[in-house]
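K.L.:
So you can see what is in the structure, the chains are spelled out below.
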Amino acid sequence: MAMSGVEIFKLLPKTNCKKCGFPTCLAFAMKLAQRQADISACPDVSEAAKATLGEASAPPIRGIKLGLGDRAAKMGEENVMFRHEKKFVNPCVIALNVADTDDVAARAKNVASSEIDRVGQKLRVDAISIEFKSGDAAKYEAAVKAAAENAPESAVILNCSDATVVDAAVKAVAARKPMIYGVNDSNIDAMAAIAKAHGLILGLKADGIEAVMALVAKAKAAGVEDLVLDPCAKNAREIIEMNTQIRRSALKKGEKSLGYPVLSNCVREDSMVEANIAAVAVAKYASIVLVSAVERWKNLALFTLRQNIYTDPQVPMQVPQKVYKIGEPSAEAPLMITTNFSLTYFIVAGEVENSKVPSRLAVMDCEGLSVLTAWAAGKFTANKIAQFVTEWEEFKEVANKELIIPGQVAILSGALEDKLPGWKITVGPREANGLPVFLKSRAA
Amino acid sequence: MAYTIPVENLSGKVQEMTLGTAGRTVAVGGGTTLPFHTFEGVKSNRPVIAIEIQDVPPADWPDEVRAQYDAVSGDTVTWAKYCQDTLKADAIALRLTGTHPDRENRSVEDAVATIKSVLDAIEVPLIILGSNHVEKDSKVLVAAAEAASGRNCVIGKAQEANYKTIVAAALAHNHKLIAMSELDINLAKQLNILITQMGFDAARILTDPMCSALGYGLEYTYSVMERIRLAALAQNDATMQPPIIGDVGMYVWKIKEVTAAEADVPAWGALAERGVAWESVTATALSIAGANMLIMRHPKAVDAVRKTLDELC
Amino acid sequence: MIIIGEKLSVIAKRVRLAMEARDKGPIQEIAERQFREGAAIIDANIGPAEDGGEDLMQWMVTTIQEKVHAPVCLDTTNVSALEAGLKVHNNQWGKALLNSTSNDPERFPVLELAAKYNCDVIGLTVGKGGLPADAEERAGIAAEIMARAMEYGVPLENIYLDPLVLQIATTQDQAVKVIETIRMFQDLNDPPMKTVVGLSNISNGCPKALRPILNKYYFLMLAEAGLTAAIADAAEMAEAMHEKALIAEVMAGKTLDDPKKMAEIVKTVDVIMNKTLYAHSYLEM
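Protein chains in written order, with this note's numbering: chain A, 66 to 509; chain B, 12 to 324; chain C, 415 to 699.
Bear in mind the hints are in silico, worked out from the structure with no lab data behind them.
Don't be surprised by glycine CBs; every beta carbon is placed ideally from N, CA and C.
Incorrect hints may have been included.
Restricting the straight-line Cα-Cα distance to at most 30 angstroms, the calculated cross-link-like pairs of lysine-lysine (DSS-like) are [said to hold, decoys possible]:
1. 461/A to 311/B
2. 689/C to 151/A
3. 689/C to 489/A
4. 174/A to 267/B
5. 449/A to 427/C
6. 267/B to 299/A
7. 152/A to 591/C
8. 151/A to 681/C
9. 427/C to 444/A
10. 444/A to 542/C
11. 681/C to 444/A
12. 444/A to 530/C
13. 83/A to 427/C
14. 54/B to 689/C
15. 390/A to 267/B
16. 75/A to 542/C
17. 79/A to 681/C
Chain B stretches covered by chain C per the calculated footprint, using a threshold of three residues with CB under 8 angstroms from any CB of chain C [stated by the list, open to error]:
18. 36-49
19. 100-112
20. 188-197
Full structure from sequences and hints, please.
P.N.:
Set out below in structure tokens:
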């Protein structure tokens with residue numbers, strides 16, 4: 066069971082030696098409790114304490130890395146059922162599944178060039194899965210090589226349930242640490258041996274959760290700990306139901322044999338439907354989402370959804386600092402200012418849109434705080450606003466030197482007039498829903 | 012190794028309501044579980060997709076979706092019939108965009124005439140939406156409720172600023188009502204309380220926690236919907252048990268991902284599929300968060316969501 | 415329980431006008447009233463006070479202490495205004511309290527002041543960007559603040575850890591987590607760490623009639639958890655102490671003679687414990 070920071074602290078040497086990289090044993094204990102540090106960082110802890118802590122600090126869902134280096138995708142280590150409770154930790158991997166009978170090189174190139182930049186994050190299809198369909202071991206090996214060569218930075222998944230074929234193909238790409246997917250009751254011993262020999266992840270595939278648990282027991286008995294589970298959901302409802310049950314069992318019932326990342330196969334004929342089924346898997350706990358096509362439009366939609374679902378609910382979402390144009394504002398159009406808390410921005414921008422008065426909305430970086438909180442925290446003050454207005458290029462194109470500030474910080478108007486010579490400061494409504502009337506009455 | 016399904020016995024339920032009249036009714040909501048959890052209780056009715064039409068041609072819709080209706084959208088009745096007969100809509104959502112003072116500023120009488128002619132032409136249930144102008148809506152929707160009397164429609168949206176007149180009208184003419192708040196579960200609850208305090212039955216409310224598009228705050232809508240469902244089921248909170256509605260199309264079909272040409276942003280891929288995917292992924296995400304009814308625009312997105320719901324239900 | 419009287423805040427219009435005009439009358443009247451009502455420390459919240467904060471804080475401290483024989487809680491994000499206030503603070507009735515340091519590097523210099531002037535300091539357990547999700551995260555930040563305090567030479571008994579009370583109307587789940595945090599903070603040291611909350615924020619954004627009800631019962635629940643101090647409305651807290659027995663009876667499962675009071679307590683405790691969803695009209699349901 067998980068231990069509290071204070072309980073962990075009692076087991077530490079209490080020397081505050083800083084060798085772990087934290088200033089005190091207490092601070093280190095708190096990080097251990099939040100699973101943001103590893104007990105091995107403490108050189109002086111007793112073996113007995115280490116054993117106790119190792120057990121306690123093991124996450125309920127095992128953390129596993131797929132792929133290598135900077136591009137490795139961490140999976141697992143989730144703590145909650147719902148994203149509003151606490152951040153979902155490790156965004157799922159989107160993997161393209163290609164048959165060895167397909168033009169593997171061309172499809173692998175799609176994976177390699179899938180990167181899109183969205184709100185400052187570089188997002189991509191993280192893995193390529195090569196499915197054994199040809200029945201020809203040599204063809205499979207060639208396909209795996211082609212995939213690895215043409216998607217040189219992607220994680221590789223060997224989607225094959227024939228251990229002999231895997232054994233032959235794995236050698237070519239062993240250095241890439243491929244995951245073996247397709248492990249079932251009849252091949253598990255041979256697959257486990259391959260995985261052990263090369264230090265690979267096993268993707269266990271069985272019909273239903275109970276059967277998956279039985280495979281987990283066998284894999285662990287064979288000495289393989291890095292496992293990914295596929296209970297073979299037959300449809301989107303089963304994806305939700307099975308993935309929910311697995312996570313619930315691991316988190317709420319302490320079921321160790323289900324404490325592993327899950328793979329959901331979302332491959333469908335119709336690519337638009339496949340996007341939706343993949344969306345279900347992204348939202349509902351899959352760590353690997355397998356698709357059969359990675360068109361750019363689909364990637365953009367799925368990456369965006371993944372970003373949305375894995376956003377930290379405690380960190381207010383922020384919009385970039387800039388002067389946003391709403392409608393087609395002339396140089397004389399009204400200019401308002403607010404903070405960069407995204408909800409504040411969405412609601413203010415929405416009300417300005419409702420007013421149909423073309424306007425400019427200046428959004429200032431206040432670390433995602435809302436207007437009044439940002440003011441109280443000293444982030445949305447007269448000095449800082451004045452500095453922003455003076456230094457930010459986009460204000461130069463504004464002919465009408467009038468700045469409308471939120472009614473909640475009316476208190477700033479005097480100081481702002483002093484600090485922004487030549488500007489008129491106008492106090493706007495206290496709440497965003499007062500904006501349409503406010504803007505229209507000015508325009509009239 | 013014995014596996015015990017980790018069932019959570021939740022004490023609450025989702026209200027079930029029936030829309031429309033005679034043979035063409037549709038059931039919304041119901042059930043006792045989180046969305047699509049058939050292993051632990053009674054599931055809700057399949058989410059209902061209402062296709063959106065307007066009282067004026069959709070000049071403000073982006074090309075990708077506007078063009079789908081070019082042949083029919085010149086006349087609201089033709090458009091409604093097309094959605095019912097050709098697109099096989101479960102329900103039709105008529106948005107009275109043209110009544111907005113900054114648009115055509117159509118009169119209350121004109122709106123009433125449109126509603127009556129649409130109702131005469133269709134059998135499927137009708138959702139009547141205002142133009143999101145607080146003052147005008149309270150006049151238009153009151154007249155709309157009267158014009159649609161006896162047809163068991165949905166009237167919306169009642170918001171904190173104008174709910175009283177709209178609730179009274181829905182009450183007098185026996186309609187269902189959309190109660191909308193802005194991405195705040197506590198205000199959603201408060202509005203439902205205020206509405207029921209007027210004598211309006213909670214079983215006739217649809218909660219609209221405000222929609223947002225994929226990439227534009229979807230996670231807020233998603234989490235508010237999940238929390239509403241949890242309050243309804245785990246806390247058995249009667250004020251949070253009305254079905255949830257997601258007004259998807261309106262929020263999707265205005266952002267740059269559904270309008271930017273591939274030539275301008277090659278990394279985003281084909282615009283035609285991108286727009287459809289944006290609406291359909293948004294709708295899919297919200298239906299697994301708890302939406303019982305979706306208002307959508309693009310026929311291909313409707314089709315993809317239907318196929319997804321075939322798997323989910 | 416130490417009550418830190420919250421009323422001298424720049425957010426209140428009357429106080430702001432008095433600050434601007436340097437009009438001692440209202441400031442002293444409010445300070446004296448709070449002292450009579452049981453406040454042991456008087457909070458002087460001058461806001462970010464970018465311009466002339468030093469002069470304003472000195473004026474506030476001397477104005478308050480001219481009439482009220484109690485320490486002042488110096489409340490501003492302006493560090494040099496804090497130092498200016500410390501220079502004129504009369505320690506005869508107790509140490510000044512600085513509000514506040516935190517895990518945001520911008521707030522580290524406050525610890526320097528606390529060391530230099532050997533005064534008390536509030537350690538707000540928030541970092542830069544993002545709010546702590548639960549008690550464990552807050553305790554983690556507390557441990558970092560404590561470690562830094564030791565580095566700067568601030569004795570741990572001079573620190574009041576503040577878990578940051580959030581509005582129940584928008585972040586209801588945090589109310590009970592803050593209660594849990596108060597218990598956890600005490601375990602971080604022996605003797606237990608002192609704790610403080612900015613209490614009234616719990617009911618910020620709630621209808622006026624609801625505010626004292628939420629403030630009072632939340633205060634009593636935090637007190638039960640071992641809270642050391644609260645920045646609060648002293649009159650409300652005095653009233654709360656009178657109702658302490660009532661809430662204890664309700665919690666013990668007894669029925670009160672006054673059904674209205676009974677419902678008020680049960681419903682409010684349920685909302686604070688996150689068992690029913692908050693809405694402005696929750697008492698009417």
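K.L.:
Can you name, in rising order, the numbers of the hints this structure does not satisfy?
P.N.:
1, 3, 6, 11, 13, 17, 18, 19
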